[in-house]
Structure formats: C-alpha cells, structure tokens
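**Student:** Every letter in the sequence shown is one number past the one before it in our numbering, and letter 420, counting from 1, is 1216.
Hints may contain errors.
Here are the computed lysine-lysine pairs in the BS3-like style, where the Cα-Cα straight-line distance is at most 30 Å [to be verified]: (1) LYS941 x LYS1124; (2) LYS1245 x LYS1051; (3) LYS1164 x LYS1093; (4) LYS1164 x LYS1178; (5) LYS1257 x LYS1093; (6) LYS1034 x LYS1139; (7) LYS1039 x LYS1135; (8) LYS1093 x LYS1178; (9) LYS1135 x LYS1087; (10) LYS941 x LYS1093.
Don't read these hints as lab results, they were simulated from the structure. Remember, predicted model here, so these are calculated numbers, not experimental data.
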Amino acid sequence: MSRNEEYILLMEEMENTPVQLENIIERAEARIRLKQNKRRIFAVSLSSVASFLIVFIVLINCFPTFAYACGKIPLFKELAKLVAFSPSLSAAIENEYVQPIEQQQSLNGITARIEYVIVDQKQLNIFYSLNSEIYTAMDATPEIKALDGSALDGYGISSGNPQTPNGELSFMTVDFMEHNMPNGMRLILKVHDNGSFIETVRVEDSILSQDEYKEPKYISTFTFDLSFDPYYTAQGEKIDVDKTFIIDNQTLTLKTAEIYPTHIRMEFCDIEENTAWLKSLSFYIENEKGKRFDEIKNGITATGSIDSPMMASHRLESPFFSESDELKLYITGVDWLDKEMEKIRLDLVNVTAENLPQGVMFENAERKGNSWILTFTGKQYKENSSYQIWSHNYYDENGNEYTYNSWSYHRSSKYWDEQQNNMEVFHVEICLVDYPYDIVYMSPIFSRKVELSQPIEIKIK
C-alpha cells in the first residue's frame, strides 16, 4: 500500500464515527435528564466522559492511523497555511497529494525533521522544521545529491523564508529543467544561526569589498536520504501544441505545454529573423468553466535557452486538479530584449548611456578609489515592486568580463519625468569593485515592455 493510499484510508477513518461513539452525546443527555439528584447527575456525567476516554484510548492503541491523524492535524493545517501563496500547492494539499516522510535527526542541540514532500515529474517541494532549545533563529543552506552521493545537474533550488520561527515548518523547492525527477535523492542541510550572516549594506564613504560575504559558521549538518513514491513522480502530462503566432512583429512558436501538479510549463521557440529576444510574458490560462490560472508569483517563473538570451520556458499555476476538459492560453503582454541592446555602453564620468531600458534612468556614478557605485532609478510597473535591471556580468572596452556581487534596493518614491508625468519608482545601487575604468558595458535584463490591446489566444487542449 502506498503512502497516498494510507493517507486516504486515514482520512476515511477520521470521517467515520466509531461504533462505540455513535450517539454517545444523545445517550449521555438522556441519562442525565433521568437523574434528579445532583450527585447522581455528576456521577453520570463523569461516567459518560470516562466512557468516551476509554473508547478514545482503545482507538489510539488499536488503530495507528487514528493516532497518527490526531497528532498530524495541527501540522497539516500549518502546511496548508505555509503554501497559501501558491494555488497549485494549495490544490495539491486539498487533493491529498502529499507524501509523508517523517525523518528526524538530532545533533548539537538541534533537531531537524523532514515532514512531507510534494513531488511530481519535474518539481520537489520539501517541508521541514528546525527546532532547538539553544538557538532561537536558524536557517539551513540546502544541497542535493543522488542517493549514491554522486552529483546531480540540470536543476535549480530555492529556500523558503529564512526568518521561520524556531520549530515551525519551512520549505524548499528543487526544480528540474530537462531531466525527470529521480526516485530519490540525498538532502544535506547545513544549519547556521541567522546571526552568522554579514549583511550586504552600503556604508557612507566606503565601498563594499569582494569579501563582504563570508561563509556562515555551520552549527550542524544533517543528511537525509529521501525516497519518493513512484505514484507521485509519474504525475504529469505533455501536450504538443506547435502553434506559431506573431506578437509585436516577432514570431514565436508555442511548442508544448507540460501540466504537472505543482505548475504548468510553456515551452517556446523563436526564429533567427526576430529582432528581439523573449524575456517574460504576462499571461494566464482559462478552462471551460471560466476558472483562471495565473502566473507564478513566488518561485521560478521562467528559465533560459542554452544558446541565446531568450527565456524559453515559462511557468503558470497548475490546472492539474481542476478536471479541465479545455484549456486556453491568453497572452496580454511581453518583455523583450532587443538584440541591438544586449550590451549597453555607459560613460561613468559623464553619467550618460548610449541607450537605457524602458523606464530606467542612470542617476549617478560615484568613484571610490578603484571602484564605482552606480545608481539607477526604475519605474514601478506594479505597486511596491522592483525588479532586476541588469544582469550580473559586465565588460570593459576590451571585452573582458567581470561580475558584481554587491547591490542594494531603496524604497520607492515619486518621480517627475521630462513630460511631467508623475510615476512611482525604485532605486538601486550597484557596486563595481576594483574596476578603475571610465567606460563599462552592461547587459540589461530587458529593453522594453509591450502591453497588448487584444490578447493572443492559443488553444492548449
């Protein structure tokens, strides 16, 4: 019997009233009404409670699934609350698509416990807790390997909230790009006290050095070997769409739609004649019942192409549990990176640029010894939001490549442009460390955004 079948049986047992408990309240009330003497009424009440407790104890001892459910209900509610941000994961929980793991280890005054996973062909969500009477705030740096200890490739991994209170559930996500989910993996949790991190901040009249980040001192390292039920890792559906369309004078083809319990992937390709690379989409899916599935809000939203700056794979919330007979994709907007803007020349001395992404302003360049602090302003396209303006790689005039690791965002403010239009903006500072040159070439994440007056409709199934 699989874990999923055990869980379904458990829930059925919880829903069915045991024979010994049927009508116990009605019977107790009837007995109480027959007694006039307060002492006897009190005795009958105690007797009813005692009968209930005896039956409850028998159930606990005779039916392990009943005991397990009683102990897990609060934790399961905590799990549901934790994934409230994700309609896909919430639907997975509602449909009992959860595999219990229940592995626990203790070391150096810390207990690490792996409670559940939500896993399918392409994505793994691990729900775990860290508990200690010594440390009040902990976080874990995750690492995964094959069960035999060898390296895995072709995946991305992200952690949940580093501010999770002591003993409460946290989570991490492992997302496979090309390969399918293995039947198990080795999870390594390197636990540190949150106070071990040195924050990346800008100090007045100083420049952040290359070693502003120091590896935290790990206080415990736990290794768990996780095995996944084949029922879960087999879940997924791939639909060949092969629909070519033109958007903003660029030609794209939606090759496939891959529907998994945790998300849906849209795989696109372009043509060489296009003048811009696809970077991101504003889109949603709707089924025949009018139910809408929007963009992923938290987590991986898109992944790139190997041989170009194009973002080829884009994610949406999953219709897997919706029992949809029909699905239609609606594209309402797109972000492009024009090919002529893959690298932009910036004059740091004169604070000028040959071109800038839409909604971005080059505000200031401040030299600090052999380093620079660059300040940019970006238009907010959504309330209280910010986004990456530049990729982390930059170049000198000879084509030598560098990478920046220090940057900071500042709170939003209002800005009046040349046409005196009031707009909400955010500010970002980027540190080019040990870069003594006056000219730099930077690569924007996107060059322009386009909103469509009429959505593009593509039938998925």
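**Student:** Hint by hint, say whether it matches the structure.
**Tutor:** So, going through the hints one by one against the coordinates:
1. Annotation: proposed proximity of LYS941 to LYS1124 is violated, straight-line Cα distance about 38 Å (limit 30 Å).
2. With a C-alpha separation of about 23 Å, the suggested pair LYS1245 and LYS1051 falls inside the 30 Å cut-off, and the hint holds.
3. Straight-line distance between C-alpha atoms of LYS1164 and LYS1093 comes to about 38 Å, which puts the hinted pair past the 30 Å bound.
4. With a CA separation close to 34 Å, the supplied pair LYS1164 and LYS1178 exceeds the 30 Å bound.
5. With a C-alpha separation of about 24 Å, the suggested pairing of LYS1257 with LYS1093 holds against the 30 Å cut-off.
6. Of the supplied pair hints, the one linking LYS1034 and LYS1139 is violated, its CA atoms being roughly 36 Å apart against a limit of 30 Å.
7. Under the criterion of a C-alpha separation no larger than 30 Å, the hint pairing LYS1039 with LYS1135 is consistent with the structure, at around 24 Å.
8. Among the hinted pairs, LYS1093 with LYS1178 is consistent with the structure: their alpha-carbon atoms are about 13 Å apart, no more than 30 Å.
9. Pair hint LYS1135 plus LYS1087 does not hold up; C-alpha atoms about 37 Å apart against a cutoff of 30 Å.
10. Taking the CA atoms of LYS941 and LYS1093, the gap is near 28 Å; set against the 30 Å cutoff, the hint holds.
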